[in-house]
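Enquirer: Each chain, written out:
There are 2 protein chains.
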Amino acid sequence: MRFSHFFAHTKRSAAAQDSVNAYLLDKAGYVSQVAAGVYAMLPLGLRSIQKIEQIVREEMNAIGASELSLSALQLKSTWEKAGRWADPNFREILYYDQDADMALAPTHEEPMTGLVKEAVQSYRDLPVLTYQFQTKFRKELRAKSGLLRGREFRMKDLYSFHPDEASHNDFYEVCAAAYLKIFERMGLDAYRTKASGGIFTDKFSDEFQVICPTGEDEILVDHKTKTGFNQEVEDQVPAAKKGKLERVKAIEVGNIFPLETKYSKAFDLQFLDEKGERHYPIMGAYGIGISRLLGTLAEIYNDDSGLKLPRAVAPFDIYLIDLTEGKMGVELHDKLEKAGYEVLLDDRAKGAGEKMIDADLIGCPIRLVYSPKTAENGEIELKVRATGEVKRIKLDDLLPVLGKSLL
Amino acid sequence: MRFSHFFAHTKRSAAAQDSVNAYLLDKAGYVSQVAAGVYAMLPLGLRSIQKIEQIVREEMNAIGASELSLSALQLKSTWEKAGRWADPNFREILYYDQDADMALAPTHEEPMTGLVKEAVQSYRDLPVLTYQFQTKFRKELRAKSGLLRGREFRMKDLYSFHPDEASHNDFYEVCAAAYLKIFERMGLDAYRTKASGGIFTDKFSDEFQVICPTGEDEILVDHKTKTGFNQEVEDQVPAAKKGKLERVKAIEVGNIFPLETKYSKAFDLQFLDEKGERHYPIMGAYGIGISRLLGTLAEIYNDDSGLKLPRAVAPFDIYLIDLTEGKMGVELHDKLEKAGYEVLLDDRAKGAGEKMIDADLIGCPIRLVYSPKTAENGEIELKVRATGEVKRIKLDDLLPVLGKSLL
Chain A
1 MRFSHFFAHT
11 KRSAAAQDSV
21 NAYLLDKAGY
31 VSQVAAGVYA
41 MLPLGLRSIQ
51 KIEQIVREEM
61 NAIGASELSL
71 SALQLKSTWE
81 KAGRWADPNF
91 REILYYDQDA
101 DMALAPTHEE
111 PMTGLVKEAV
121 QSYRDLPVLT
131 YQFQTKFRKE
141 LRAKSGLLRG
151 REFRMKDLYS
161 FHPDEASHND
171 FYEVCAAAYL
181 KIFERMGLDA
191 YRTKASGGIF
201 TDKFSDEFQV
211 ICPTGEDEIL
221 VDHKTKTGFN
231 QEVEDQVPAA
241 KKGKLERVKA
251 IEVGNIFPLE
261 TKYSKAFDLQ
271 FLDEKGERHY
281 PIMGAYGIGI
291 SRLLGTLAEI
301 YNDDSGLKLP
311 RAVAPFDIYL
321 IDLTEGKMGV
331 ELHDKLEKAG
341 YEVLLDDRAK
351 GAGEKMIDAD
361 LIGCPIRLVY
371 SPKTAENGEI
381 ELKVRATGEV
391 KRIKLDDLLP
401 VLGKSLL
Chain B
1 MRFSHFFAHT
11 KRSAAAQDSV
21 NAYLLDKAGY
31 VSQVAAGVYA
41 MLPLGLRSIQ
51 KIEQIVREEM
61 NAIGASELSL
71 SALQLKSTWE
81 KAGRWADPNF
91 REILYYDQDA
101 DMALAPTHEE
111 PMTGLVKEAV
121 QSYRDLPVLT
131 YQFQTKFRKE
141 LRAKSGLLRG
151 REFRMKDLYS
161 FHPDEASHND
171 FYEVCAAAYL
181 KIFERMGLDA
191 YRTKASGGIF
201 TDKFSDEFQV
211 ICPTGEDEIL
221 VDHKTKTGFN
231 QEVEDQVPAA
241 KKGKLERVKA
251 IEVGNIFPLE
261 TKYSKAFDLQ
271 FLDEKGERHY
281 PIMGAYGIGI
291 SRLLGTLAEI
301 YNDDSGLKLP
311 RAVAPFDIYL
321 IDLTEGKMGV
331 ELHDKLEKAG
341 YEVLLDDRAK
351 GAGEKMIDAD
361 LIGCPIRLVY
371 SPKTAENGEI
381 ELKVRATGEV
391 KRIKLDDLLP
401 VLGKSLL
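The listed protein sequences correspond, in order, to chains A and B.
The numbers in the working numbering rise by one with no breaks, and the one at position 299 of the first sequence is 299.
The numbers in the working numbering rise by one with no breaks, and the one at position 39 of the second sequence is 39.
Source of the hints: derived by calculation from the structure; they are not laboratory data.
Careful: at least some of the hints might be erroneous.
A pair holds if it fits inside one copy or across any two, identical chains being indistinguishable in the list.
Below are the DSS-like pairs computed for lysine-lysine, each with C-alpha atoms no more than 30 Å apart in a straight line [said to hold, decoys possible]:
id, residue 1, residue 2
1, K117, K224
2, K181, K244
3, K117, K144
4, K144, K76
5, K144, K194
6, K335, K181
7, K265, K391
8, K335, K265
9, K249, K144
10, K27, K76
11, K76, K355
12, K27, K265
13, K11, K355
14, K81, K265
One chain only, chain A, in its complex shape (with noise of 0.2 Å):
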């Protein structure tokens, strides 16, 4: 991609905001804050976000996820059936529509489970393993935290029905290692929290947690096994446990939760076993926050020059410059490009320091320097954003020199 044909703006001094991830993803130009809690994802943040929807769809499709896409528009009756309607705490987060009385899905249990009464009448229709990437709208009263806590997000919701608690308890445990999986591919450390399964249910939900400073959670962890309790179930660490956990602060990025028979019964979603036996069948929720994901990124990845994304999740692999007035700079973005490189060409008619400065903000994981100088011998510098190494190559050992940076 060439800067000039890119609509992408990085500012030298942007405003304060809310939150170190979105004083850097705005001043990277990767967001637009248009209110609190309300983000529009430019280019480069809309490419981020893309990689990390597909890393998670990946992984939902291989544990036999059917992906789908529900409304936002839902009706009142809706909420209505499994008594969320009535809850004041629920009601003070939807945008609502009186004439329409439609309101904004901050969440979508009662509209899946109603969609699945549809489908299923026998055990041979289960599990149902259905998810989706949607945006969901919540009247937040904390939206203070950059992307970490929106009143217009991504998320990806998951929701299982099953015949019975073995079943469940399977798939549950396929999608923990699921999400441990997609928290890896993108360069997170994720720790398998204890919490309180809420009001449904006298087991605990299970939180995915990742450790940082500026996070919201207080949670207490043993860095051996990666697991860790809310401090909300405190009291219900086991003895042999306490004394060698420590207490960090930690940002949610995942979440689990058993919903029993809660919104089956509320529906009266009922299957037929083999013997001609009505139940209702067991169903969890599993989230991930695909926006929160963006803002955790950039909480742990940047440093004072600006970002610095693992590959699996940076907009383009290589910051590509040439400061010589040939066209080196169109042939080997083209070469790589081919190679299956994602590049961005900084074509643009300014400076090369602030071209540095960009290279560094926006924080792509190589950026490629070729200047009159290293022209001379026949090399181009190549920066590592993550580890700051810079060195020279010859431009004939490019390709191979990419390959092992760039895992």
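Keeping the supplied structure of chain A fixed, place chain B upon it in accordance with the hints.
Expert: Here is chain B on its own, set in the frame of chain A:
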């Protein structure tokens, strides 16, 4: 994909719907209605929507536009700038939350202009070409045509900002050509028709119309040049054209509006030219209804047995049925997927008749049936959904025959 692992539910007798497209898409398990003009996209429908979006994305990228994603929630103050808030026709289609003083965007001229203002100072920063795929919200009173007129719907909207009329006019034609290519790629024969430019300009706007007896629009078309006029600008038809035009019903699948400097002036978006003089960029807006396209395709590509979408937009290429007790179904499925085809293997515990009916209803371009009878001769039955042609072919010839049948 194995059907037993895929969430899809066809109906033998679907409820009456407000349109042919909603009836068929509901019956075939592509969509599920939530309320008038509000639909969930089920896995089959979402696959088609994703293919439609990818075609549009490729052609928008090919003409140099940058993809981003604005927010749905927008501040009331944003719509006040160009005066649309004062227009009762505009305001009545808004889902508006009084507490938050925010409404769901039915269109994005204002937020996009505000965003571009932050990034543009000089003629060197122009043109700006940005687009997004977005869920739009419009409180439609006439939401009664299935996916053709939604209250919540997917749209691709592109906005362009130019230093002068010539640059604007050039891009206008480039985008019009890309639109015709997009519709052709998905099997739609679109007519470029002149319509009113609205209140901002004395120019025409362009609509892209697909002839269809159930369409809401009435247009006058010249079949030879694939152009025409919306009846609202009838008096504008050149004398030489009169008498040569046919009056037909049609569905509008895309449009292009010249916006002149209406919004750049309202937002005081200015740039400096080569001489240091200030100007307002000339703008254009370019829309394509994504979910409406799926509705249009369903209106056009169907018969008494169900849907028959073109390969470019069908959820799967091949519907595979194995009526023998063996493993041939799974083997063929794996072999065909390896060869690059998208295959839905109907491995459900259902009778042959039911599977045949679902194959026609869902309407993948090719149906393959391997049965004890065809197995005797090492053959398989191939049906082309579009033409109804059925033939038996040697299993060894399957890949070459598919290569020809699924161009």
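Enquirer: Decide, hint by hint, whether the structure agrees.
Expert: Comparing the hints with the structure gives:
no.: 1; hint: K117 to K224; in the structure: neither (43 Å within a copy, 51 Å between copies)
no.: 2; hint: K181 to K244; in the structure: within (26 Å within a copy, 64 Å between copies)
no.: 3; hint: K117 to K144; in the structure: between (38 Å within a copy, 25 Å between copies)
no.: 4; hint: K144 to K76; in the structure: both (28 Å within a copy, 21 Å between copies)
no.: 5; hint: K144 to K194; in the structure: within (26 Å within a copy, 48 Å between copies)
no.: 6; hint: K335 to K181; in the structure: between (32 Å within a copy, 28 Å between copies)
no.: 7; hint: K265 to K391; in the structure: neither (64 Å within a copy, 49 Å between copies)
no.: 8; hint: K335 to K265; in the structure: neither (59 Å within a copy, 43 Å between copies)
no.: 9; hint: K249 to K144; in the structure: within (17 Å within a copy, 51 Å between copies)
no.: 10; hint: K27 to K76; in the structure: between (40 Å within a copy, 25 Å between copies)
no.: 11; hint: K76 to K355; in the structure: neither (52 Å within a copy, 37 Å between copies)
no.: 12; hint: K27 to K265; in the structure: between (49 Å within a copy, 26 Å between copies)
no.: 13; hint: K11 to K355; in the structure: within (12 Å within a copy, 59 Å between copies)
no.: 14; hint: K81 to K265; in the structure: within (10 Å within a copy, 50 Å between copies)
The structure fails to meet hints 1, 7, 8 and 11 from the earlier list, while all remaining hints are met.
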